[in-house]
Amino acid sequence: MLRDPRARFTLLVPPIMQLFIFSFAATMEVKNISLAIVDLDRGPYAVSIEERLRGSRSFARLPRYESVAAARAALERERVIAILVLQSGFSANLAAGRPASVQLLLDGRRSNASQITAQYVSNIVGDTQRELSASPAALSAQAAPPAVVGATLAPNTDMVIDNWFNPNLEYRWFMLPNLVGMLSLAVALMVTALSVARERELGTFDQTLVSPATPIEIVIGKLLPSLLVASVQTTLYLLIVTVIFGVPFRGSLWMFYAAVLTFAAACAGVGLFISSLVYTQQQAFLGAFTVLLPFALLSGFATPLENMPVWLQFITTINPLAHMVRIMQGLFLKGASFASLVRELERLLEIALCTWTAAVLLFRRKAA
Amino acid sequence: MSAVTSGGQSWWQQLGAMMLKESKQVIRDPSSWIIAVVLPLIFLFLFGYGISLDTTIVKIAVVREDDSREAEDLAATLTHSRWFLVVPASDRHAGEGLLQDQKVKAVVIIPAEFGRFLHAQNTTAKLQVLVDGSEPNTANFVHGYMSVLWSEFLAARGFEQGAALVAPIGVEARYWYNANAVSRWFLIPGSMTVIMTLLGTLLTSLVIAREWERGTLEALYATPLTRGQILIGKSLPYFILAMISMLVCVLTALLLFELPLRGSLLALGLISAVFLVPALGQGLLISVTMKSQMAAAQLGLMTGFLPATMLSGFLFDINSMPLWLQAITLVIPARYMNVSLQTVFLAGDLWSVLIPNMLFMLAVGALFYGLTWWRLQKRLD
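Residue numbers (numbering that gives the first Met the number 0), protein chains in the order written: chain A, 0 to 367; chain B, 0 to 380.
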């Protein structure tokens with residue numbers, strides 16, 4: 000397989016392109032926010048909030064509209080994600096010491112980005128308030144950096160938040176280690192499933208089966224290439240992720256390769272198992288896909304596992320990617336020790352052994 | 000292959016015969032039905048239950064190094080909040096261990112003399128929070144929750160002591176179209192886009208690539224059918240198949256996941272039909288370019304399925320991506336489909352949104368069909 004230059008190309012180039020594109024695309028951070036402002040108040044406090052918004056790096060555009068109706072049309076077309084309404088009397092109320100509030104109308108079609116936007120806005124409003132309570136005269140506050148959570152409310156209290164493992168909460172640090180697992184899953188599984196199915200369509204697989212090689216030898220022969228491809232690919236990923244993207248790697252390299260090889264064996268086992276059930280490439284492809292998608296979704300790769308219903312979380316124990324994601328997170332960010340990861344590794348090994356045994360048995364029955 | 004061979008028929012009769020033959024071929028294949036009905040159901044089910052961005056209850060550990068009443072109050076505030084499930088930890092070291100082993104998402108440390116410092120004049124009462132930053136989304140939610148609870152605690156204390164704070168500025172957030180900001184409501188329309196891309200692009204490219212491998216497509220070119228007729232005849236059965244699975248998806252979404260449909264069925268049908276033009280066009284283009292199933296599968300996955308998941312705004316907000324990537328998303332039909340579906344389901348028939356999106360989809364579709372038509376010509380020479 001590796002002698003074919005085109006195969007070599009398709010095995011190496013697309014995954015690296017994907018790594019680059021996805022590392023930029025896959026972010027839950029919300030940037031370049033467009034927020035419409037409807038200022039019906041025109042008082043000093045409203046101006047103060049607006050100035051703070053303009054100073055924040057998170058907001059790219061802050062168009063002003065005369066009425067809520069006009070702003071609503073912009074929100075409908077997704078020109079803005081939210082509308083901040085400062086009702087008339089807002090500044091007057093605050094000046095008189097009465098509680099006042101601002102209205103924030105958000106686009107629920109993009110509920111996640113909206114929620115984060117709401118957080119940013121309330122942080123900024125909170126900052127404005129804190130500044131006012133510190134020195135009510137400082138109305139024309141200069142532009143300040145975006146909200147620092149835990150800034151003081153009363154003079155003699157303080158909340159200090161430390162983010163372990165990922166101090167600036169960079170989404171890429173979370174995504175890239177997971178992508179190492181995700182991309183090698185796709186390759187190992189698809190390649191094994193489709194290549195056996197193709198050999199079967201062409202009839203060369205039957206030749207192998209009638210050859211004096213035993214089913215176990217055939218299976219091992221199929222295992223080696225996928226292990227090789229996986230180690231080459233992940234080495235490249237490791238270099239790109241750490242050197243180009245600057246994600247720290249705090250674990251041991253031995254553990255990394257042990258995990259990669261076991262994981263590749265488990266994925267190839269799943270691929271082989273699929274190919275032992277099907278007859279055509281199309282079926283193999285659909286089979287691989289039907290398995291790949293749930294594996295990817297139910298792994299904690301993009302969305303946290305804790306948010307899923309309990310009965311679905313159970314399925315994650317038989318999902319190799321879920322274990323791989325935990326190992327990669329441990330190795331890259333947490334510098335986890337061998338002892339704390341060895342259980343995940345054992346699980347991967349179990350999955351590999353089960354799928355390989357099942358595939359060998361199925362092939363043997365077909366060969367007989 | 001009993002395609003039309005007699006020369007005396009009109010263009011439309013030829014097209015009709017070709018479509019009839021293609022449709023029969025698809026309908027008779029049981030795998031088509033599995034793909035049109037069973038797969039969408041499985042996928043939608045998994046998407047609906049498996050993906051959620053709504054952070055539920057977060058496990059945290061609370062370490063109390065102080066025995067004062069204030070420290071107790073603060074611990075109680077945390078325990079009673081609806082966001083946190085508090086796991087007790089005996090000391091700082093134990094708490095850090097829990098965090099390292101991923102047993103908790105955060106450790107709140109109330110340091111010694113917290114209560115005394117809170118009352119003294121020249122001291123600062125510090126609360127320390129360690130958050131697991133490896134999952135930034137959850138970490139951000141923890142930050143938000145903590146600062147709300149901390150303010151609540153301080154406010155309650157401030158009122159008790161009669162200390163006047165500046166009148167609070169409230170933020171009244173209201174979510175239009177999705178009052179409770181349920182992430183499932185925006186993820187399910189996106190999942191439908193992914194499923195439709197899977198059917199329209201991947202399956203079509205694979206099936207037609209199989210015909211190249213088997214040589215049955217060359218036989219079709221030997222007939223007097225024109226390129227246009229072949230393209231339409233090949234597309235139509237898959238169009239119908241995809242529309243059926245769209246119907247299955249919509250029913251599941253409405254009945255099982257209780258998604259509202261605020262727009263009309265007519266608009267929904269129209270959008271789906273328009274989206275299938277670029278989706279099928281892309282599938283056809285891949286199949287005439289690659290001609291082998293393996294290669295078609297790879298290319299279909301890379302240019303069809305993955306962009307539909309990653310670059311369509313289904314999971315990740317397009318506006319937050321770098322500009323060069325935003326430019327790439329302009330040629331991804333799934334992007335327009337996503338906005339349209341979310342609008343029809345959650346907001347209603349906002350034609351001012353739907354029509355430009357449909358025009359974009361048609362334009363991308365025309366591009367794909369045009370390229371396919373052009374490539375077919377080269378093939379026939």
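Honestly, the hints are just simulated from the structure, not real lab data. Backbone N, C-alpha and C fix where the C-beta goes; we use that ideal spot for every residue, glycine too. Among the clues, some could well be false.
Said to hold, decoys possible - Heads up, incomplete: computed chain B residues facing chain A, CB under 8 Å, no partners named: (1) Glu-134; (2) Glu-171; (3) Ala-180.
To see whether the hints hold, each was checked on the structure:
no.: 1; hint: Glu-134; verdict: holds (6 Å)
no.: 2; hint: Glu-171; verdict: holds (5 Å)
no.: 3; hint: Ala-180; verdict: holds (4 Å)
Hint check: no violations occur; every hint is consistent with the structure.
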